[in-house]
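Please work from the sequences and hints to get the whole structure.
Protein chains in written order, with the working numbering: chain G, 1 to 460; chain A, 1 to 460.
Note that these hints are calculated values from the structure, not bench results.
Certain hints may be false.
Same chains, same names: a pair is fine if it fits in one copy or spans any two.
Unchecked claim - Think about it this way: if two alpha-carbon atoms lie no more than 27 Å apart in a straight line, the pair counts; the simulated DSSO-like pairs of lysine-lysine are:
1) K332 x K262
2) K216 x K332
3) K58 x K216
4) K394 x K136
5) K67 x K418
Listed here are the chains, written in short residue letters.
Protein chains: 2
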Amino acid sequence: MSMNNRLSTSISSSSSAFLGQDRHFKIRPQNVFLPPKNPRICKCVATTPTEKTAYMTKVSRNANMAKLQAGYLFPEIARRRAAHMLKYPDAQVISLGIGDTTEPIPEVITSAMAKRSHGLSTIEGYSGYGAEQGEKLLRAAIASTFYANLGIEEDDIFVSDGAKSDISRLQVLFGSGVTMAVQDPSYPAYVDSSVIMGQTGQYQKDFGYGKIEYMKCTPENGFFPDLSTVSRTDVIFFCSPNNPTGSAATRDQLTQLVQFAKENGSIIVYDSAYALYMSDDNPKSIFEIPGGREVAIETSSFSKYAGFTGVRLGWTVVPKELKFSDGFPVAKDFNRIVCTCFNGASNIAQSGGLACLSPEGLEAMQEVIGFYKENTEIIVETFTSLGFNVYGGKNAPYVWVHFPGQSSWEVFGEILEKTHVVTTPGSGFGPGGEGFVRVSAFGHRANVLEACRRFRELYK
Amino acid sequence: MSMNNRLSTSISSSSSAFLGQDRHFKIRPQNVFLPPKNPRICKCVATTPTEKTAYMTKVSRNANMAKLQAGYLFPEIARRRAAHMLKYPDAQVISLGIGDTTEPIPEVITSAMAKRSHGLSTIEGYSGYGAEQGEKLLRAAIASTFYANLGIEEDDIFVSDGAKSDISRLQVLFGSGVTMAVQDPSYPAYVDSSVIMGQTGQYQKDFGYGKIEYMKCTPENGFFPDLSTVSRTDVIFFCSPNNPTGSAATRDQLTQLVQFAKENGSIIVYDSAYALYMSDDNPKSIFEIPGGREVAIETSSFSKYAGFTGVRLGWTVVPKELKFSDGFPVAKDFNRIVCTCFNGASNIAQSGGLACLSPEGLEAMQEVIGFYKENTEIIVETFTSLGFNVYGGKNAPYVWVHFPGQSSWEVFGEILEKTHVVTTPGSGFGPGGEGFVRVSAFGHRANVLEACRRFRELYK
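Take a look at the structure:
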């Protein structure tokens, strides 16, 4: 009997027992193995079109696009997942890969969106173009919920359709002339958007792109770069709690980072999309650090707090105090980008965001976050008990598992082949991720439990 | 008694009589002069911050941003409108400026969005990240509704949060190395995004930006450029029915355009956001022209069809047949941009889009469009009867009024000052718009009638 068959036949059996009686994870009633509604298959356009045509325009392909390696990481994983499902049509694949939320959005939030939707059919409730920067009430609520007493005001907040889109808009703002640093490993959108904008050189295997300063984040340095070895760049992308390593920088470390940026005259783009997942008492915003407003932009999102990955809502904070070298306020240029290249987030999503920040909404979000944090504990415990060195998890919904000396893609492939569980290969996040695999805690409880059961089977 | 007072005091009187008894425009029951819910005030960040700080980063401001003139057009108009409202706090300002939809979205569409919202609270109805390219059903519906028998397939369609965002993503795709042509006048996002990407030279008053090929569209050439005088460029932005002139290119003209692009090896970016407003039997898509798929991208939107300006939903078609000079498919690079710089349109908005394309939705959209077309007729009749040369209107919701020898901004200012009606100065759309004012037909019927009454008062 093959591994595949063994796994398939055991699916209906309860798999929560393995944690022992002393652990009581809340289990929501839910179906296991719901068929994916939106398989994220990046339908790459055929390079050999069915209709043969000799005609080509005389427009040169953007050389920066040609520098990009393969597809964007997550569509690439979706592609491999889809190929796997073709190979094993009966396998019950569990995705702990993409970091995609799975739990329903609390009703207090969806009711507000439904109400706004219905309202759009009435004279009183209809609204057309909103401010590109977002609705005033939402900007104010974001400022007071996340940045109270940090010197951030409503008009420093730019509401968006998500942090990923804002990262690209920030790159367009900076232009092709800047240099940039990233944590290595890091969320691939920082590097890829930098390549697209022409800020980098060519890609070199095992080294990454030329002109990018990769700040190594390893178990040895506690996943915080040794800044004394980092060269000056114009822009520093910094994500904490970190995707993919799951580690969160301490107040002391962030103070070092702000100091480093100030000495070098750099701008930090601080991604705090997982801030509410922290268990430790680390800063939730870069603006908690004195001087932060003079050196940093912060981007964040409702995606992982309220399950808004499909609804699309985020924000970026550009403080008035942040200036280019000629004294021109960065916020003024970002405002121009937002007005020219964007037309505001969906008004319905914005109503949802406002509901998220009501007292009931905040409580409901905390419950969703708490649920995923319990998933994280299950995954951490599983890999730890199997003897792996496991990082992250405590302050972020990602578990960073070490497979020393092995290729990430090979480990990814083996896990997928033998357990039908999709993870993310660490090297997809940069050269520094080689030898690691990221396991996401976003999943239905029963699926997380089942995946962990399969991990135990594979690595026992 | 000042003009201002005269207008204010007469507001409650019926103003529909002036059209005479032989015209029967449908008048929807509605309140006049609803207070604007989202005054589009572009809160420009103060250049003199209250908190004095000497610190500046060492990051150079993107030189392309510095090339941009003033603010993006529409926020600039919103700013002037706000200033006017401060000056005349009791004036009842009517906006026929921005082109912002005012009529409620048909219930068949909002119900679908409300249902999707509620569904997100359930295990069965929840969905996280969708495909960056859009939901399969919606892509298929767009392909079959707008491109049946034109050789465009579901996977050629990229669903987005609106045409404006897609225009910027297309510019990022092309990069800084391309040259571009635009109709002059044209929707400002084409030129501004080109400037931001570094495709242009500096701005020269009365001439526009260096390196941009301005294709003059005037009453003399029927608002279709004389292509024999147009220099070759890599990219040609072409909007038909046109914003702002309201004219639509004929089949013969579009055939010339495709031929021109083919001879030059250019890529046409065809903006068809107003296609359903056409009364004449012109092509509604560039792909109706033989060879179009080898030379053109098309972008469009639900904004003006279904009142989705605030909901945010559009799409871009990149045919497989379109290739860069090295044979690489443009769609493949656009797919990479969409996957890296965007995370898909809001799932709720996409449910709305799908409802728009149901038989009931299509009928409801036609009714909304019909309503605005009646507004257009009222405006055209008003200016025509006042002796102005009036263009557009028949095939688009914009009326292009000629004020020969006058400055557009001055005419705009005079109309605002004396009638409290916001229009759009033609020169805001490029040097070729000087001497014109664009009057938008998007407005509540009573407001359009009242605005026209005031125009008659001013120009009698």
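Going through the hints against the structure:
no., hint, in the structure
1, K332 x K262, "within (21 Å within a copy, 40 Å between copies)"
2, K216 x K332, "neither (33 Å within a copy, 32 Å between copies)"
3, K58 x K216, "between (42 Å within a copy, 24 Å between copies)"
4, K394 x K136, "neither (35 Å within a copy, 37 Å between copies)"
5, K67 x K418, "neither (34 Å within a copy, 57 Å between copies)"
The structure fails hints 2, 4 and 5 (numbered hints given earlier, in ascending order).
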